[in-house]
Amino acid sequence: MSTARWAKVAALAAGIGGVVAAPYVLPSYVVSLLTLVFISALLAGSVNLLAGLAGLVSIGHAGIAAAAAYGVAWAAVHDLGLAAELGVAAAITFAVSVVYALTTMRTAGIVFLMITLALGITVFGLALKLSSITGGQNGLTGIRRPEVVSEWWKFYFFTAATYGLCLLGLAVVSRSPFGLMLRGIRESQTRMTSLGYSVTAVKFAAVVVSGAFAGCAGVLLAWNSEFMSPSAASFSRSALAVVMVIVGGTGTLLGPLVGAGIVVAAEYWLSSYVERWQTVLGVVLILVVLFAPRGIVGGLEGLARQFSHRP
Amino acid sequence: MIPRRGRGRQRAARVLLVALVLVFAASACAPDEETTGGGTEGTVKLGFISPVTGFVAALGTDMRRGWEMYWQQNGGKAGDVTVQTVFEDDTGDPEVALTKARRLVEQEQVQLVAGPILANTAYAVAGYVAGKGLPTVQMTGADDLTQRKFDPLVLRVGYTSSQSNFPAGQWAYEQGHRSAVTICPDYAFGWESCGGFVSAFVDAGGKIEKQVWHPLGTQDFSTYVAQARQANPDVVFIGSAGGPDAILFYKAWTGFGLKDKIPLVGNCCFADQVFLREVGDEALDLQSFTYWSEGRDSAVVQNFVKAYEQQHKEIPSLYAAGAYMMAQVVAEALKKTGGKIEGADFINAARQVSLSDSLYGALTFDDTNNVVGPVYLTRVERRDDGTLWSVVEKTFPQVSQFWTKGKDAFLKHPVFSREYTGQ
Numbered sequence: 170m171s172t173a174r175w176a177k178v179a180a181l182a183a184g185i186g187g188v189v190a191a192p193y194v195l196p197s198y199v200v201s202l203l204t205l206v207f208i209s210a211l212l213a214g215s216v217n218l219l220a221g222l223a224g225l226v227s228i229g230h231a232g233i234a235a236a237a238a239y240g241v242a243w244a245a246v247h248d249l250g251l252a253a254e255l256g257v258a259a260a261i262t263f264a265v266s267v268v269y270a271l272t273t274m275r276t277a278g279i280v281f282l283m284i285t286l287a288l289g290i291t292v293f294g295l296a297l298k299l300s301s302i303t304g305g306q307n308g309l310t311g312i313r314r315p316e317v318v319s320e321w322w323k324f325y326f327f328t329a330a331t332y333g334l335c336l337l338g339l340a341v342v343s344r345s346p347f348g349l350m351l352r353g354i355r356e357s358q359t360r361m362t363s364l365g366y367s368v369t370a371v372k373f374a375a376v377v378v379s380g381a382f383a384g385c386a387g388v389l390l391a392w393n394s395e396f397m398s399p400s401a402a403s404f405s406r407s408a409l410a411v412v413m414v415i416v417g418g419t420g421t422l423l424g425p426l427v428g429a430g431i432v433v434a435a436e437y438w439l440s441s442y443v444e445r446w447q448t449v450l451g452v453v454l455i456l457v458v459l460f461a462p463r464g465i466v467g468g469l470e471g472l473a474r475q476f477s478h479r480p
Numbered sequence: 224m225i226p227r228r229g230r231g232r233q234r235a236a237r238v239l240l241v242a243l244v245l246v247f248a249a250s251a252c253a254p255d256e257e258t259t260g261g262g263t264e265g266t267v268k269l270g271f272i273s274p275v276t277g278f279v280a281a282l283g284t285d286m287r288r289g290w291e292m293y294w295q296q297n298g299g300k301a302g303d304v305t306v307q308t309v310f311e312d313d314t315g316d317p318e319v320a321l322t323k324a325r326r327l328v329e330q331e332q333v334q335l336v337a338g339p340i341l342a343n344t345a346y347a348v349a350g351y352v353a354g355k356g357l358p359t360v361q362m363t364g365a366d367d368l369t370q371r372k373f374d375p376l377v378l379r380v381g382y383t384s385s386q387s388n389f390p391a392g393q394w395a396y397e398q399g400h401r402s403a404v405t406i407c408p409d410y411a412f413g414w415e416s417c418g419g420f421v422s423a424f425v426d427a428g429g430k431i432e433k434q435v436w437h438p439l440g441t442q443d444f445s446t447y448v449a450q451a452r453q454a455n456p457d458v459v460f461i462g463s464a465g466g467p468d469a470i471l472f473y474k475a476w477t478g479f480g481l482k483d484k485i486p487l488v489g490n491c492c493f494a495d496q497v498f499l500r501e502v503g504d505e506a507l508d509l510q511s512f513t514y515w516s517e518g519r520d521s522a523v524v525q526n527f528v529k530a531y532e533q534q535h536k537e538i539p540s541l542y543a544a545g546a547y548m549m550a551q552v553v554a555e556a557l558k559k560t561g562g563k564i565e566g567a568d569f570i571n572a573a574r575q576v577s578l579s580d581s582l583y584g585a586l587t588f589d590d591t592n593n594v595v596g597p598v599y600l601t602r603v604e605r606r607d608d609g610t611l612w613s614v615v616e617k618t619f620p621q622v623s624q625f626w627t628k629g630k631d632a633f634l635k636h637p638v639f640s641r642e643y644t645g646q
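Sequences listed follow chains A and B, in order.
Last residue of the first sequence: number 480 in this note's numbering, and the count goes up by one each step with no gaps.
Last residue of the second sequence: number 646 in this note's numbering, and the count goes up by one each step with no gaps.
To be clear, the hints were calculated from the coordinates, so they are not data collected in a lab.
Incomplete in silico selection of chain B near chain A, CB under 8 Å:
{"#": "1", "residue": "Val-275"}
{"#": "2", "residue": "Thr-276"}
{"#": "3", "residue": "Glu-311"}
{"#": "4", "residue": "Asp-316"}
{"#": "5", "residue": "Pro-317"}
{"#": "6", "residue": "Val-319"}
{"#": "7", "residue": "Leu-321"}
{"#": "8", "residue": "Glu-329"}
{"#": "9", "residue": "Ala-347"}
{"#": "10", "residue": "Gly-350"}
{"#": "11", "residue": "Ala-365"}
{"#": "12", "residue": "Ser-640"}
Using 25 Å as the maximum straight-line C-alpha spacing, the simulated SDA-like pairs for lysine to any residue come out as follows:
{"#": "13", "chain 1": "B", "residue 1": "Lys-558", "chain 2": "B", "residue 2": "Asn-571"}
{"#": "14", "chain 1": "A", "residue 1": "Lys-298", "chain 2": "B", "residue 2": "Lys-433"}
{"#": "15", "chain 1": "A", "residue 1": "Lys-298", "chain 2": "B", "residue 2": "Gly-277"}
{"#": "16", "chain 1": "B", "residue 1": "Lys-484", "chain 2": "B", "residue 2": "Gly-399"}
{"#": "17", "chain 1": "B", "residue 1": "Lys-268", "chain 2": "B", "residue 2": "Gln-296"}
{"#": "18", "chain 1": "B", "residue 1": "Lys-430", "chain 2": "B", "residue 2": "Tyr-396"}
{"#": "19", "chain 1": "B", "residue 1": "Lys-484", "chain 2": "B", "residue 2": "Ala-454"}
{"#": "20", "chain 1": "A", "residue 1": "Lys-323", "chain 2": "B", "residue 2": "Lys-355"}
{"#": "21", "chain 1": "A", "residue 1": "Lys-298", "chain 2": "B", "residue 2": "Thr-441"}
{"#": "22", "chain 1": "B", "residue 1": "Lys-355", "chain 2": "B", "residue 2": "Asp-568"}
{"#": "23", "chain 1": "A", "residue 1": "Lys-298", "chain 2": "B", "residue 2": "Ser-445"}
{"#": "24", "chain 1": "A", "residue 1": "Lys-298", "chain 2": "B", "residue 2": "Phe-373"}
{"#": "25", "chain 1": "B", "residue 1": "Lys-474", "chain 2": "B", "residue 2": "Glu-501"}
{"#": "26", "chain 1": "B", "residue 1": "Lys-355", "chain 2": "A", "residue 2": "Val-246"}
{"#": "27", "chain 1": "A", "residue 1": "Lys-298", "chain 2": "B", "residue 2": "Thr-446"}
{"#": "28", "chain 1": "B", "residue 1": "Lys-430", "chain 2": "B", "residue 2": "Lys-484"}
{"#": "29", "chain 1": "A", "residue 1": "Lys-298", "chain 2": "B", "residue 2": "Gln-370"}
{"#": "30", "chain 1": "B", "residue 1": "Lys-433", "chain 2": "A", "residue 2": "Leu-295"}
{"#": "31", "chain 1": "B", "residue 1": "Lys-563", "chain 2": "B", "residue 2": "Gly-298"}
Using N, Cα and C, we set each Cβ at its ideal position, and we do this for glycine too.
Just chain B, with the same shape it has in the complex (with noise of 0.2 Å):
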């Protein structure tokens, strides 16, 4: 941007404007318009999108392995149908997954797009997706995909955040505590996760001493555990993402002594096998309230395992066989529609799903579109080679989205959050 003498800057200038001008005028006649949704005769191409790039990769890849294994063990077909699917990559970020979704939509053609994890990734995409007119399978926690913003077009083949610890909130007071501290990361997924406990053990007739707050990524957790050793409740709920959060979390509990000190309950992603990997024997006899059970005693299960680690070396995590099941309710429903996929009808199809025994066990879906499936308490058990694993001992069946509320009382309340967690 070196000036230089005005006149032919001037000109330009001019030029540019009268572009411009053009520019609008050209506005005014439409480009030719494509088509949604192709896909030729007894194929379907869906879409697939999660991060497996970025600081979420780790989820990401586990669950393109999920949903690759559904199709390779059915042999890439529902029914007669065969199926084709489009991997993309939202690197954990909204506007990449939306443009992603965009690409998957316009370019490739899909007919459905699944996926992705993070909650906002999954709302842009959703948004889009259904926008034009197109159905979406999720698998995120975010309480109000299937609640207050519910769609006719998103369908989640999973649990809510909160929904997995309702039950968790319940069983506490059963248990005879009388008192409570909750610790979660302080987001959406956090607010929720300690919402479904705490408005839970409050109606149960429980009283939360605390609720500690933590930032995401969090290095040094000694004060959070500090803050909740001095309030000295009957029982600590931990609602955490997972990650190396949950990790530091229990080494700073550990190195507090307060092992056996205080009851610790965590929730779906707090004793993960990520976390327990890492974490070792210290881990034993954690107790987690899931949805995903790799040790629960049940041949669907225990088939997928052994499977999942003959080709990848690990013990499948939630988000492998959550997204296997998002293959199989596709797949499930796609039988139902002879292999159409159209709109808000395939959704219904799907909707229709019910399943006796999954990998999260026997699920029917809500008239929201939401999961309404058993809840295990777990225990962190070592399997007979080693490994340690998380085997069910209770069941909690048919737990719905809305706890023991209904639907509309509990849609009366606003989404948890922060300042509302339903004390």
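So here's chain A without its partners, still in its complex pose (with noise of 0.2 Å):
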């Protein structure tokens, strides 16, 4: 193996490791940060999934993640027990995924973008106004985690190993066929039609895959709170995925994580001190757009495969 491999390789032990040393180093409550940066970077996974190989940017994919959650919340607390939860969950971000697939396939950018962010305005409202299964505005209490990983650090694991999992997950979707047509379908959509893409096809199955992913998302993010209400598909966790995904690097595979680091940072951690701490984060996404068009990861990437090719 060569050097650079290796260095892989020690990197991603060393990740690991961390991931797993954390519960036991650090205090709960920065874990359950740790727990919901590892939630909101497979949201924001599921975004890039799109963003970066379709260049299809969502901002309406909290609305796919709420709609699993409250499936979860729904059969919770009905107490149609785990194998219930998980169903509804799937059936409900199946039904969405689809809706969302439907109306956007043969669209593209902008308007791609404005059915999205419709679509998640639509989920919000619907959350709102369905009160008698969503306890609109209220919210639904009464959800608990699964009896295994009801403690913290249980959950924490179960995070962590959930989003290993989906890593892995979108790791092979990027590397595969067709991942591959979603490159070209970025690239040029006419040149995939004249080769005998159905473009439309693959977009509506893109849209689906991604969905999958902000579904599981959405069954963490209830299982973590333990409650639910309609702003989990409000307009702002929408755009804060999108948020994440920029910051961290659209197109890589770790750029999410990082971003969802930084976002969660000055969501949580900073605003107990700094009252403006939007103003923090708006002004970090101007010097990332600024400085590292590419994000903080893609920045990375680069910059070291300059220092690797210099003789």
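Take the two lone chains and join them into the complex the hints point to.
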């Protein structure tokens, strides 16, 4: 193996070691923030799948995650058991993703953006209005995590492991022929059409696959807070997921994780000390866009490549 | 995610898989548990959550001021116990509120959490904090917090959203009004506010011509006001959450020339100070049913208003008064328990607190941890210095969250919603 590969394996081992060690060395509150980072990163990862590969930026993905979370919450409130919680969540995620996919599969660019925005707001509105199912503005209480992961540190490991598996899944999708098709669509739709691909069908599938990851994030979200209310589907949640992708690096595998780390740190840690944490986050976003247009991870990868190519 | 040759990737994937197995293996052993609820001898540490940024920042800021003012006036002490507060901002988002509550409980080791204000944030925080076995004090209106979702660790120092509007319904009927139109925002607070008015008005014998629901954050109220005018009722009840909605509604109302044509009755939060500052003289003589009247003829209220005005250059809002009340009840309870905060015992002590006069008036608690206290019919008047404020016209003493129905009969009904307003 080359030194570069050794360095990669070492970094991976160090990363995983850090993740495993965290609950033993850090206070439980910090661990709960890390849990939140993984959940946010998973949602951002699903946005990144579309944005990075196919160039389709969605600002309504929190809607899919919230729909899945409501599925869990609804089943939990009605005491239907774990299997039903996951089943309902999967069914709702699939249904909502199909609606997202059907309405956006013929669009690209700004139109795609606007339709996902509208869909996200629709989910938010439904969550608010269907109060007999969703509890309306008051939300749903009485959700409990599955027994085996009920404690904070177990749930942390569970979330980390789920994120790890989803990350593998995202990497596989990205490297598959399907991923290549999406890249092709990003580069030139007309060329893909003339090569005999159905751009519409590929986009449909891409949104549904991305929705599945968002749904996973939603399930974790409901279990993490053990509470569900419409604000999980709000525009700001969707927008923050996009911010995570941009700050971390669009199209990079670990970008969403880094972005989620920064956003969560600003939202939950910085805000305890600085009232204008949103301003700080805004400045960070501007700086990243100006000086590292490919995001933090993208920028670092570029630097690493430059150094390794130096004679 | 640029594709590269497969070999090393496969190996990396294998490493990752092994690592995941290790993660599961590691999760078999638990880290050391942290204790919760610290605090040293003679000192208690309290957490206070309110939204000081975001779309309800104005309410959260007022709350913080009210809470601070109580401890400032009392030297930061409750009896011999020194009280220390850690403040947090929830931005009006339940996910943030919950995480901030975690920080307060797990990191700051607070012994009690007070706030936040919005119903969804309050439910999220109360659920978590009570789950940790710690008491929480709330001022949000959400009916079910002390009704169908009652928790012995949660005390509401405040009124349910419907509570102060029951007297409004009965009073309207007694005034000779037989038909009414209600206008409320289309979410839980609005349903509960209108539910209070509608159920009492109908019980008394009145008839609801129409219930108008408008989305929160409506810009143009003319269609809603037109609907109310068309029904031509004897009285219109508006249950507003305050803010721009209240002001824009009233502009449409006066614009349609209805000010002197159809009597209008507001709820707690309609003609508040923000509203009065913006609307000005057009608001004179507006009648509301509320539990906070800044112009009430009571030394307790006037001293508070004076001190608050000196410090912040404005008349205190409902939210400042509400947070002050939370602090006062916590302090009284601390005096009873000798500075100990032990779960439900503390809330039980707090529930025994009875105040002969307070910012809200003569106050006790019922056995599901909610205030039993007066509701005031107020009228907007001009103070000597020209400022507008609300003075008490009539007092309805000892109003319960269950109105006159009694707890069991009341709780047989579902919570008020768009579908069920007690008709």
